Structures are given as structure tokens and as C-alpha cells.
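Engineer: Each chain, written out:
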Amino acid sequence: MVRLVIEVKEPRRSIPIIGSLSGMMLVMRHLFRKPVTVQYPEEKSKLPDRFRFRIFLKLDDCVGCTLCEQVCPNGSITMQHVDRENPRNKRMIYPDVNFGTCTVCRNCEEICPTDAIYLTHVFETSRTRNSFTYSPEELAMQEDEVKK
Amino acid sequence: MNNFVELNFGPQHPSTHGVLRLRAKLDGEIVRELEPIIGYLHRNAEKLCELTFYADNLIFFDRMDYVASMLMESGYLEAAEKILNIPPPERVLWIRVIMNELSRIASHLVWAGAFGLDLGMLTPFFYCFAQRDYILDVFTEVCGSRQETNYMSVGGVYQDLTPEMIEHIDAFLQSFPKKLEEIYRLFVKNDIFISRNKGIGVLSKETAIDYGVTGPMLRASGVNYDVRKANPYLVYDKVDFDVPISQKGDNLARFLVRFEEMRQSVRIIKQAITKIPDGPFFNPKAKKSMMIRLRGDGEYYARTESPKGEFGVYIVGDGGVKPYRVRVRSPSFKNLSVLPVLAKDQMISDLISISGTIDLVFGEVDR
Amino acid sequence: MSIFSRLTSLFSPMGYPISEVLAYVVESAMLAIVASVSLAVVIYLFRKYMARVQLRIGPNRVGKFGLLQVMADGLKLAGKESIFPRKRDDLPYRIAPLMILVGLVMAFAVIPYGSLFWIGTLTVSDTSVSVLLLFAIIAIMPIGEVLAGISSKNKYALLGAMRAIAKDVSFEIPMMISVLAIVMMASARTASSLSINSIVLTELVPYGILQPLGIFVFMISMVARASYTPFDMGESDSELVTGYSTEYSGLRFGMFYMGLFGSILLGSFVISLFYLGGFNGPMQSSLGFVWLVIKAMIMVFMAFTLWLSMPRIRIDKFVNLGWKYLLPIAMINLVLSGTLTLLMGW
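Residue numbers (my numbering), protein chains in the order written: chain A, 1 to 148; chain B, 1 to 367; chain C, 1 to 346.
It should be emphasised that the hints constitute simulated quantities derived from the structure, not laboratory data. Wrong hints could be hidden among the right ones.
[Stated by the list, open to error] Simulated crosslink set (DSSO-like; lysine-lysine; CA at most 30 Å straight-line):
(1) B:Lys189 to A:Lys34
(2) B:Lys25 to A:Lys9
(3) B:Lys178 to B:Lys270
(4) B:Lys25 to B:Lys238
(5) B:Lys198 to C:Lys80
(6) C:Lys155 to C:Lys317
(7) A:Lys34 to B:Lys270
(8) B:Lys238 to A:Lys9
[As the list claims (entries may be wrong)] Derived Cβ-Cβ restraints for the label pairs, each shown as a range:
(9) A:Ile18 to C:Met30: 39 to 49 Å
(10) C:Val62 to A:Lys34: 15 to 25 Å
(11) B:Gly18 to A:Thr101: 13 to 23 Å
(12) B:Glu35 to C:Arg86: 47 to 57 Å
Every value quoted in this text rests on a predicted model; they were computed, and no experiment measured them. We put the CB at the ideal spot given by N, CA and C, even for glycine.
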């Protein structure tokens, strides 16, 4: 196997000051370029399809298999008892999510056998310290309906 | 001698790249003794890896070198896939090469900007980060998140690379080299930049090998060692690229080697996006539902080339669904150990610029 | 007719000594207000310029185009608690930021601003030795830096003060020698060659063209005086946190910050007066001030660009530069301009 190696060349010494001045000119030329800032609340950049943040739960589809609890690397998901009629979920346990420790790794979405737990584009979720944990019912609600 | 002033840099200090603490004994402006103190970002990642499944551990690796998380993931998977005996299909190898090299460019850009700030250059930082943001946009499109991507999975990748994404990567590669040369000129044309870096912090070949220094730092000291060439993994033996080295071993050499590596990474990605074959993007043996049932046995040490140096992962499996032991050889940690040698009898300003060229990321040093 | 004589005639019903004193008080107050407003403008311009050069937008939330951002920042700093280090040397610690600010505002009083339409000359005080007075006042500011560094009993601050002293010693002598060349050239044409006003009046060809070496030395000195990036070893923020002002917070920190921008503005005024022809230009009797401001603003933006594109020089390299390059260049400049004055009669 041929190993290709190149020696990096030190930049040629230019006349003192002239090089620095060209750097200054380069900086000054950026004055006429378009800023890259996106001013967030007013203008929102388009989110790609695969962008994921907030976890939602379809209560009717959840079978209480606890796979999401097992696969969650941080232990953000724990199973809670919810009094709810659901023939598929005999044990009446549903996941809740602590968003304080959730790293959005999407493992719960991937492993869920019934696609009951899924992630969406919603990312504007502000919470107080007491409400990091979303109960199963809250996971089923839209973000603006959740009690903060 | 008690005449030295003992000065404590950090952990809260503008140019310690996170939470490095340096205890320096100063003779006026000159550093006579230096002791790096680490551990302020220790998150117990190695132990946490023993408590979770093989497929879950990726998130802890994402958070090691958080500016190049793709490389950490592929480094872990090099070892984990051997333990689990799930070889990824051909297309995945090429996707991983593309993502690795994009991540390497992003990491080097972060380093270049932060190094400029260490020297007092305010502006290149923003140019570097603006370019890096295009890479992060690609990552968002491909993986759904900017930094802690969690894109790769055992035996494959999370989702396939679509033609539009390849187009976007190609568009970035068209515009990037010009901007890179602009940033490069902004640095090296400057007399003060040259005077601050040329001949400062010279790391000799022998010292570098003695201290286990790897990566661009080692190559800047004249040793031709790049894991991508020395022990090809993924498909690095099928792409054509050069390894930049320098015989000088000073700050400037390290700077030039890193910039040349970015250019070589562009070359690699350009080849990869044309050569990428069609096929499945995950191994059917590692289906989604298998995530918590993968059992590994035996032990394996995999080394990969991260932007900081040789990133080694050693995994011992005992036949269970969780690894028995995960050990990480982090390049920044080994590279940091040479700082007291480099900074001895240098001025404070040089101490800062030398610690800047080491390219420290504390998620990885402390793990 | 100057502002001072207008004020004196306004207060003249009160009798001779009172009207004179009142006129001085009012004029000083006006100067302080105008100086602080122009500092705010310079800070705003800097932030906007820095943002645009770095592909950002800059302040745009407080007021139209973020115009009131500087005021908001000032109010925030004023509302902050001043944290005093326990082992400080109290009196020097408290007066150090004041010395910097007072020195700066005093220096603005000495500069001749030229005249503007019906207002007449805007100069606050025009003495026959204003060159000496100006550089004496500028020399107050390093004392503030040193006091701040030593009295706050912090190792970073001490190192910063040491660097500031080394820096000041190495650039002030070349600066004074290059000013000497100006005075020498002016003395061929005017009797009161130590007055900035009469120096500028003799400056029909800008001295920057006649003394390219002189303007080079003087510009480097002014950058070092204002201590921004290529030569800000005293407060190098990536090495010594913020150098001598490390232990200051609240309004006292704001004074250091204003001192920095004030020095940039002052330096630009002084350079444009000494080397770029000052208020000379077409329609000098009514537009003199405008010419001066335009020239000064060009210098201010040059200073900003320099600040944003340069890395920091190392202190020993700067001392080397000062003694081995700037001083001989200033000497050569002195000899050259002396020869020029003798031969050409300029």
C-alpha cells in the first residue's frame, strides 16, 4: 500500500505590514456581505423533516410493554399507572418522560412495537423546574394545552 | 525556591477551552512549573456504558468529543460491531466516512476559531463558526440534531442518506474551500500571528512519542502516523488522500497541519459522494426491535482517527446484553499531558497559545 | 466668536468675576455631556461595525436600530452591585477608574475643534502650550491603570499592571519624539508652535504626507495608548482575564470601558489634527468641525478594523518593537523633517 504524505509548507514571508493590511481589508470586505444571523422569534429557519424534539404518546396504541423504559439510556422514562380503559393495555401502565434528562436520542421511538411513542418537530417547550416530567396524559396533549 | 508566584488559571478562565485548570508557578511573566488539573467535567461515561445496552451507549460517546460526535460514534461502533459480530453493509461504511470527515472539518473549524480567540483575534471565530454552521445544517437534515447527533447505530445508521442530502453536501463542498482559504489567509498573512506562533512550543519527535501524543500534534512533529492510513478502517483504503506532516513541531506547524487536514477531508468527501454504492443502510441482524437483545462476547480494541488523535475504544463483553467493561483512550487527555513540558520556561501568552494548539475538548479529557 | 465669549456675555449682568466663573462651569458641564454622548456613539458604532464585519446584525432591540443599547448597558452597569475585594488598598482602588475617566475628559478640553457656522469656534480652551498640556493629561491615564492593578491585590491585575508599565515606557518616548518633529516643522511658520491650534493652521500640506514615518510611529503609539487588540497586553482578556480591571465591577468597570473607547476617539482626533490637517479644508470657517469629525471618524473605523483583525502581540515583542524599531524610526523622522524644514522652508 502506498502511503501518501505531504509536507505542509510554511507560508511565504511577505513584506511586513502589507500582509496584515490585506487581512484588514479582508475583514473590512465582510461589511458588505449578508449577515448569517437568523433572528429567532420573528423569523424561523425551516426545520428539516428529520428534526425531532418533543415526545408524544398515543394512549390508545400503547400496550405497556416497557421497552421504552428499558431502552432509555438515562432513565428518563418511567412507567406510571393510569386509570384508563384500553383493551390492549391490560396492566394499565404508560410511560412518562422527564424532559430534564431526555437527550432526544430517539431510541424509544425506534423500539416502540406499536409506534405509540413518537417524536415531533415541536421544540418550543418552556417549563418550570417543577414540571420537567410529563405524565402520560400530558404526553398525549398538544404543547399549549399542557399545564406548565 | 519560594520566590515564584503561584497563579491559578481556571477552571473559570476565558481561554481554558472548558474547564481546564492550570496551576502555574511564575517567575515574573515566565512559567517555571505547570500542573494541569483535570476532572471538572467528569461524567462517568465509561461506567455508565456498563449499565446500558450496547446500542444505547452511543449517546455517551456523542458527549465525549462534543464538537466531533460522529467520529466518537463510529469509533465506538468499530469495537462494538466486532463484539456483537454485526458487520455493517457497504453503503453504511461510505455514509460513515462522509459523516466522519464532515465532523472532522467542523471540529477543526471550532479549533481554528477558538485558537484565534486565544491569540486575541476576534473576527476569524465568527467566520469559522459560520462555515461550521453549514455542516451542522447538513447534520440536522441527515440526523435530526446539530451536535449530539446519535446518527449511527449498531450495524448501520439511523436513517438513509437521500440524494438531496448528498446534493446539499456537494453544494457545501463547492463553496467551502474558497472560504477556508480566506480564513487561512486571515491567519497566516498576519505578521503578529506568525511571530506569536513560529518557533513557539516546539515538540520534538522523541518527546511526542514518549508522551503518547497522537493526531495532528504528532504529525506536526514529523511522525507519519495516521490511523486512517496505518490501520485502515471503514473504507479509508478506497479513497485517495494525503497525510500532512511537518518537521517543525511548533505552534505554526500544528496550525498548518490542521488546515491541510481540512482540505484533505474535502477531498475525501468529494470522492465518497461519487463512489457511494446503493444498498441497505442497516444490517438486518440489528433490526430496531433487536436493540436491547444484542449480546456480545469477547474483547476488542478499536482505534480510529479522531480530529484530536488516536481514539481507542476497548470493550469487554461477557455474553450479556450490556458490556462488561468499556475503556476509552482519549487523545486529548494524552495530548494534554505534554503541556507542562511544552510550556516550561515560556511566557504566559505562549502558555495560552500552546494550550490552544493542543485542541482540548474537556468532554473527552474527563469523560 | 467662541462659545466661551458667548456665555460670558450671557452672564455679564452678574458682574465680571462671577460671569467668567459661571461661563467656565457651564462650558465644562457641556463638554462633559458632549464627551459622554460622543463616547456612547462611538461604542454603538463599534458594536454595529463589529457585528456586521463578523456577519452578525448587532444591537437592534433597544430603541430604533438598537440606538439606545449603550444607554441600557450603562444603566445596567450602574444598577449593578460593586464588589470590592477584601484585601484592596481602598483609596487607590476607588480613584483609579476616576483618574482614567477624568484624564480623558480633560484631554478633550484641550483639543481645538475648529468652527461650525454661526456658533464660531468650538474649542474649549486654547492655551499657547496646549501640545504640552495634552500629552501631560494623556500621561495621567497610565497612572490610573497602574493604581488599579496594584491596589486590587489580584495576581492577574498585578501582571496586567506590570505589562501596562512596560508597554507605556516603551511607546511614549517615540511618540513624544514624533510630536517634536511636528512642533519643529510648525515652528518655521508660526511663533506659538506649542499651540495645537496654530500648528493646525500652518498645516496646509498635511504633516502625514511630509512625515510618513512620523504618522506610522504616532498611530502605533495611539493604538498602544488606547490599548486595544494588537497592543492590549495590559488587559489581554484571553490571558489575564481582563488584566488590571479584573477586580472591578459595576460602574467602575464601565469607566474602564469608556476609557478604552474614549482613548480611541481621542487618538483619532489627535492623529487627524497633527497629521491629517485637522479642521483644514474647503469652507474652513464654517465647516471646520465637520472636516475634523470626518477625518477622526475615518481614523476610528481604521482603529476598529485593526482591533478586529489582529492577534495580540507578546509583551516582550512589543518592548522590542518600541525600543529597537519605533525609537530609531522616530529619530530618523526627526532628522528628515528637520532637513525638510531647513531646505524647503516648510
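Engineer: Taking the hints in turn, state whether each one holds.
Structural biologist: Here's how the hints hold up against the structure:
no., hint, in the structure
1, B:Lys189 to A:Lys34, "holds (25 Å)"
2, B:Lys25 to A:Lys9, "violated (36 Å)"
3, B:Lys178 to B:Lys270, "holds (15 Å)"
4, B:Lys25 to B:Lys238, "violated (50 Å)"
5, B:Lys198 to C:Lys80, "violated (43 Å)"
6, C:Lys155 to C:Lys317, "holds (22 Å)"
7, A:Lys34 to B:Lys270, "holds (27 Å)"
8, B:Lys238 to A:Lys9, "holds (27 Å)"
9, A:Ile18 to C:Met30: 39 to 49 Å, "holds (44 Å)"
10, C:Val62 to A:Lys34: 15 to 25 Å, "holds (24 Å)"
11, B:Gly18 to A:Thr101: 13 to 23 Å, "holds (21 Å)"
12, B:Glu35 to C:Arg86: 47 to 57 Å, "violated (27 Å)"
Figure legend: structure checked against the earlier numbered hints; hints not met, in rising order: 2, 4, 5, 12.
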